[in-house]
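Chemist: With the hints as constraints, model all of the structure from the sequences given.
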Amino acid sequence: MTELTVNGRKTRFDGDPAMPLLWFLRDELELTGTKYGCGLGLCGACTVHLNGEAVRSCLTAMKAAAGKSVTTIEGLAQNGDHPVQKAWEAVNAPQCGYCQTGQIMQAAALLKKKPKPNDQEILEAMEGNLCRCGTYQRIRQAIKLAAGVES
Amino acid sequence: MIEVVEISRRGFLGRIFSAGAIVIGAPLVPEVRAAGPAAGDGAWQPSVYLGIEPDGAVKIVAHRSEMGTGCRTCLPMILADELEADWSRVTIVQALGDPKYGSQNTDGSCSVRDFYEALRKAGATGRTMLEQAAAAKWGVAPESCKGRQHFVVEASSGRKAAYGELVPLALSLTPPDANKLRFKTPAEFRYIGKPMPVTDLHDLVTGKGTFGIDARMPGMVYAAIARPPVLGGTLKSLEDAAAKQVQGVQQVVKLEEAKPPYGFKALGGAAVVAGNSWAALQGRNKLKVEWNASEHAEYESAAYKKTLLETAGKPGRVAREKGDVEAEFGKGGKIHEATYYTPMLAHAPMEPPAAVAEFKDGKVVAWAATQNPQAVQQTVAAAVGIKPEDVQCHVTLLGGGFGRKSKPDYVAEAALISKQVGKPVKIVWSREDDLLFDYYHSPAAMYLKAAVDERGMPKAWLQRSVFPPIAMLFSADEQYGGFQLGMGWTDIPYAIPNLRVENGPAKAHVRIGWLRSVSNIYHAFAVQSFTDELAAAAGRDRLEYLLELIGPTRTLDLQKEGLKGGPPADPRFPIDTGRLRKVIELVAQKSGWANRKPAKGRALGIAAHRSFFSYIAAVVDLEVNGSGEVKISRVDIAVDAGRIINPDRVKSQFEGAAVFGTSVALMGEVTVAGGRVQETNFDGYPVARMSEAPVETRIHLVESDAPPAGVGEPGVPPMAPAICNAIFAATGKRIRELPVKKQLA
Chain G
444 MTELTVNGRK TRFDGDPAMP LLWFLRDELE LTGTKYGCGL GLCGACTVHL
494 NGEAVRSCLT AMKAAAGKSV TTIEGLAQNG DHPVQKAWEA VNAPQCGYCQ
544 TGQIMQAAAL LKKKPKPNDQ EILEAMEGNL CRCGTYQRIR QAIKLAAGVE
594 S
Chain F
3 MIEVVEISRR GFLGRIFSAG AIVIGAPLVP EVRAAGPAAG DGAWQPSVYL
53 GIEPDGAVKI VAHRSEMGTG CRTCLPMILA DELEADWSRV TIVQALGDPK
103 YGSQNTDGSC SVRDFYEALR KAGATGRTML EQAAAAKWGV APESCKGRQH
153 FVVEASSGRK AAYGELVPLA LSLTPPDANK LRFKTPAEFR YIGKPMPVTD
203 LHDLVTGKGT FGIDARMPGM VYAAIARPPV LGGTLKSLED AAAKQVQGVQ
253 QVVKLEEAKP PYGFKALGGA AVVAGNSWAA LQGRNKLKVE WNASEHAEYE
303 SAAYKKTLLE TAGKPGRVAR EKGDVEAEFG KGGKIHEATY YTPMLAHAPM
353 EPPAAVAEFK DGKVVAWAAT QNPQAVQQTV AAAVGIKPED VQCHVTLLGG
403 GFGRKSKPDY VAEAALISKQ VGKPVKIVWS REDDLLFDYY HSPAAMYLKA
453 AVDERGMPKA WLQRSVFPPI AMLFSADEQY GGFQLGMGWT DIPYAIPNLR
503 VENGPAKAHV RIGWLRSVSN IYHAFAVQSF TDELAAAAGR DRLEYLLELI
553 GPTRTLDLQK EGLKGGPPAD PRFPIDTGRL RKVIELVAQK SGWANRKPAK
603 GRALGIAAHR SFFSYIAAVV DLEVNGSGEV KISRVDIAVD AGRIINPDRV
653 KSQFEGAAVF GTSVALMGEV TVAGGRVQET NFDGYPVARM SEAPVETRIH
703 LVESDAPPAG VGEPGVPPMA PAICNAIFAA TGKRIRELPV KKQLA
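Protein chains in written order, with my numbering: chain G, 444 to 594; chain F, 3 to 747.
Hints are computed from structural coordinates only; laboratory data are not their basis. Treat the hints with caution; some may be incorrect.
What the hints assert, rightly or not - Calculated cross-link-like contacts (lysine-lysine; reagent style DSBU-like; alpha-carbon spacing at most 30 Å):
| no. | chain 1 | residue 1 | chain 2 | residue 2 |
| --- | --- | --- | --- | --- |
| 1 | F | Lys425 | F | Lys389 |
| 2 | F | Lys633 | G | Lys557 |
| 3 | F | Lys210 | G | Lys559 |
| 4 | F | Lys210 | G | Lys555 |
| 5 | F | Lys290 | F | Lys421 |
| 6 | F | Lys256 | F | Lys139 |
| 7 | F | Lys210 | G | Lys529 |
| 8 | F | Lys186 | F | Lys196 |
| 9 | F | Lys592 | G | Lys506 |
| 10 | F | Lys451 | F | Lys562 |
| 11 | F | Lys324 | F | Lys509 |
| 12 | G | Lys555 | G | Lys506 |
| 13 | G | Lys453 | F | Lys210 |
| 14 | F | Lys290 | F | Lys238 |
| 15 | F | Lys421 | F | Lys288 |
| 16 | G | Lys556 | F | Lys633 |
| 17 | F | Lys162 | G | Lys506 |
| 18 | F | Lys256 | F | Lys362 |
| 19 | F | Lys139 | F | Lys102 |
| 20 | G | Lys506 | F | Lys290 |
| 21 | G | Lys506 | F | Lys246 |
| 22 | F | Lys562 | F | Lys333 |
| 23 | G | Lys557 | F | Lys210 |
| 24 | F | Lys196 | F | Lys246 |
| 25 | F | Lys61 | F | Lys256 |
| 26 | G | Lys529 | F | Lys421 |
| 27 | F | Lys182 | F | Lys139 |
| 28 | G | Lys587 | F | Lys210 |
| 29 | F | Lys290 | G | Lys587 |
| 30 | F | Lys210 | G | Lys511 |
| 31 | F | Lys509 | F | Lys744 |
| 32 | G | Lys559 | F | Lys102 |
| 33 | G | Lys587 | F | Lys288 |
| 34 | F | Lys602 | F | Lys743 |
| 35 | F | Lys362 | G | Lys556 |
| 36 | G | Lys587 | F | Lys196 |
| 37 | F | Lys566 | F | Lys316 |
| 38 | G | Lys529 | F | Lys288 |
Modeler: Here it is, written out as structure tokens:
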């Protein structure tokens, strides 16, 4: 039995403890805002916060999440109005939108650690998050807007 | 947000509108009728619906798929504008797959292009009906009543009536003559031409958007398939004991292998059915499968490349001929030749193919991330042996498409497994499945030859391309390019007295499909690279040379310019060299081309290409460092796509195309050994990350009253040649083969 907290609610799982957190969130809890993209930590679509740190949920086994607190895109802000989400909307960042929840979770974790990141810090934080539509320019713009740094 | 919760609901269209609503279909000539029992019964064949409810709510049915282009927002904008609807009172409802809408195949950059006029007519019809109703109510001339933001207003008296309250009266009046509608002038446009956020924006940033992979049906199970790794392979033996030991695995079922022509058929194999995605994938990995050999097991991409290049060196079928190329070549003088090669590519949308389907009582209900719900109906019906109309296809949001999700093999898989297990099935495609079982963008070889005069201008030009064609999907032995030759090859817009365009044969050994901008990718690469080579050989400025090669402003009639066969030209979209010249001049000005100062390792490169009826020119500013890494600091793209509906979304499409084109140019390559694709994830098949993408992309839109043309695809083709031309200017190294990374390593 694995016990963990997801978006502030205690939850449990009695399946394979080796199962990645990603599939628990998506298939068991129906929190489908966290996306599958590669299964190997290569694309960042599945990014969630584990005890406040951005992690790839496709590589985080359930047993590694035991006793910890998970935040998904659904739990990032009560009304979907986290400063990063608001900035994302202000610059119309998404195209298809599929990778954007992972991008937002990654960016939110960055700004928590470094409220005023420079270009290099943004690049390093976001390098693991792929966007096949090619929205990187607006993602960078949105992060700067949320951080209140010069574009 | 697309609702997927009430999956059992039927009579979908009938539920959209209440019985008292005006429902307007928008085929080429709009028809009008009251909603009610007959609505959506197929009695008439509209392609789009507009409904105005008695409470004033306006509902627009989006019949095309949203994969990031913004069409789910931009098509309703057109209609709402002409209707004079208040955008905040418009609800967008996603259509089911149904031939009554006309084509729903969201592909070929044609959603706005093909429906702009029809949507305006539908909107104008609705507004006119409401204006007539107000006139009747007040006993005044209809001309004095004007629709304004959900009200009809009489200018002289200032009185006004809400759209909703006029609906019952409007319904009792004779609909206006479709040929006598009053359309808004461009100056009166309220939404068209204005940047508008997409309707799904908030859902997309909060994780509420429902993609194919997110769709659920009550009681559904999950399935992952071991497919024949070589096209045409069949199951020899299957050992599933270990798979069945995996916690959560329920059963293993066999699926019949597809036979050529492969079309959109499910490939077949062995499916592991489980209680969640992870168990299905784990179980699939534990299957021990042996496959019978297929004729395609001999396919090696390195040897295949050699064959394509050899074929490109031999005479092929002539697709366009003007003057006498051979006579000119025979005169001697300066001859320039070059051969180009581009590798096989995969689509790799961030969301792999995804669907859930239930076969029950001889019918199928599916929820799918699909670009083509009608192809889902046909493909699923053929697979499970029912009629297309007995397949109900709900379209979710698509996590990228790029052409992959026009081919619904994965939906057929879900339906076939559901038929066997008697439950709804979600088909689980891993990234490995996506890359190993794609409909690949074909590899291509291009040979070009020119005889030039003393100024370096071509007197004769021969170009020949060779690639396994998309037509192999439908006619397994087809080896010639067919319609794909019209994509940047036979339509070359240069003013050259002697010109010949050829195509050589190539047999396909994997499924070939269309990928964002299709053959324009390799054709533009060859033509725009060769143009740059000729300019360099002549010591001329590239941009000035390109303009001279395009020649004076004129309309190009390919039939008179030696085109052999091919479909008749679309009269709405003549090839206008003036528009091509204009985007080149615009991009030159915006990029600072004339004042550029090439430094060692850093330079600008230019390319221009017309595709999907849009005229595009791109200038890339890049640096090549000592280790051969390419850093693109800036891209300027000038775009003439005719009338623009939503400039923000058009700009975003070209920003994205700059990144997609960068992936194509710098890093994309799928290889094959023993008939099996070798790249299995984003490590082997990289796509541009933030650090590899252009740092800044500036889009310059030409204001135009010309009919709207494509925007989703045409930004891609100029990127690879612009990048390679810049690399040549920066380093002196000419790239004739993609990907660049392999050449500069």
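Chemist: It remains to establish, for every hint, whether it holds in the given structure.
Modeler: Hint by hint, here is what the structure shows:
1. F:Lys425 with F:Lys389: 20 Å, holds
2. F:Lys633 with G:Lys557: 26 Å, holds
3. F:Lys210 with G:Lys559: Given pair F:Lys210, G:Lys559 holds - Cα atoms ~29 Å apart, limit 30 Å.
4. F:Lys210 with G:Lys555: 23 Å, holds
5. F:Lys290 with F:Lys421: With Cα atoms ~24 Å apart, F:Lys290 and F:Lys421 stay inside 30 Å; holds.
6. F:Lys256 with F:Lys139: 67 Å, violated
7. F:Lys210 with G:Lys529: This hinted pair holds, its Cα atoms lying about 15 Å apart.
8. F:Lys186 with F:Lys196: 15 Å, holds
9. F:Lys592 with G:Lys506: With a Cα-Cα distance of about 55 Å, the restraint between F:Lys592 and G:Lys506 is violated, given a limit of 30 Å.
10. F:Lys451 with F:Lys562: OK: F:Lys451 and F:Lys562 at ~23 Å, within 30 Å.
11. F:Lys324 with F:Lys509: 29 Å, holds
12. G:Lys555 with G:Lys506: OK: G:Lys555 and G:Lys506 at ~26 Å, within 30 Å.
13. G:Lys453 with F:Lys210: OK: G:Lys453 and F:Lys210 at ~22 Å, within 30 Å.
14. F:Lys290 with F:Lys238: 11 Å, holds
15. F:Lys421 with F:Lys288: 24 Å, holds
16. G:Lys556 with F:Lys633: Roughly 28 Å between the alpha carbons, so the hint for G:Lys556 and F:Lys633 holds.
17. F:Lys162 with G:Lys506: Measuring from Cα to Cα gives roughly 66 Å; hence the hint is violated.
18. F:Lys256 with F:Lys362: Within the cut-off at roughly 19 Å; holds.
19. F:Lys139 with F:Lys102: 35 Å, violated
20. G:Lys506 with F:Lys290: Given pair G:Lys506, F:Lys290 holds - Cα atoms ~28 Å apart, limit 30 Å.
21. G:Lys506 with F:Lys246: 23 Å, holds
22. F:Lys562 with F:Lys333: Cα-Cα ~26 Å, so holds.
23. G:Lys557 with F:Lys210: Roughly 28 Å separates the two Cα atoms, so the pair holds.
24. F:Lys196 with F:Lys246: Not satisfied, since the Cα-Cα distance of roughly 57 Å exceeds 30 Å.
25. F:Lys61 with F:Lys256: 44 Å, violated
26. G:Lys529 with F:Lys421: 45 Å, violated
27. F:Lys182 with F:Lys139: The hint holds at about 22 Å.
28. G:Lys587 with F:Lys210: Holds, at roughly 24 Å.
29. F:Lys290 with G:Lys587: Not OK: F:Lys290 and G:Lys587 at ~51 Å, beyond 30 Å, violated.
30. F:Lys210 with G:Lys511: With Cα atoms ~24 Å apart, F:Lys210 and G:Lys511 stay inside 30 Å; holds.
31. F:Lys509 with F:Lys744: 26 Å, holds
32. G:Lys559 with F:Lys102: Given pair G:Lys559, F:Lys102 is violated - Cα atoms ~54 Å apart, limit 30 Å.
33. G:Lys587 with F:Lys288: The given pair, whose Cα atoms are some 46 Å apart, is violated under the 30 Å limit.
34. F:Lys602 with F:Lys743: It holds: about 19 Å lies between the C-alpha atoms, which stays within 30 Å.
35. F:Lys362 with G:Lys556: 52 Å, violated
36. G:Lys587 with F:Lys196: Holds, because 25 Å separates the two Cα atoms, which is no more than 30 Å.
37. F:Lys566 with F:Lys316: 19 Å, holds
38. G:Lys529 with F:Lys288: It is violated: about 45 Å lies between the C-alpha atoms, which goes past 30 Å.
Hints 6, 9, 17, 19, 24, 25, 26, 29, 32, 33, 35, 38 from the earlier list are contradicted by this structure; the remaining hints agree with it.
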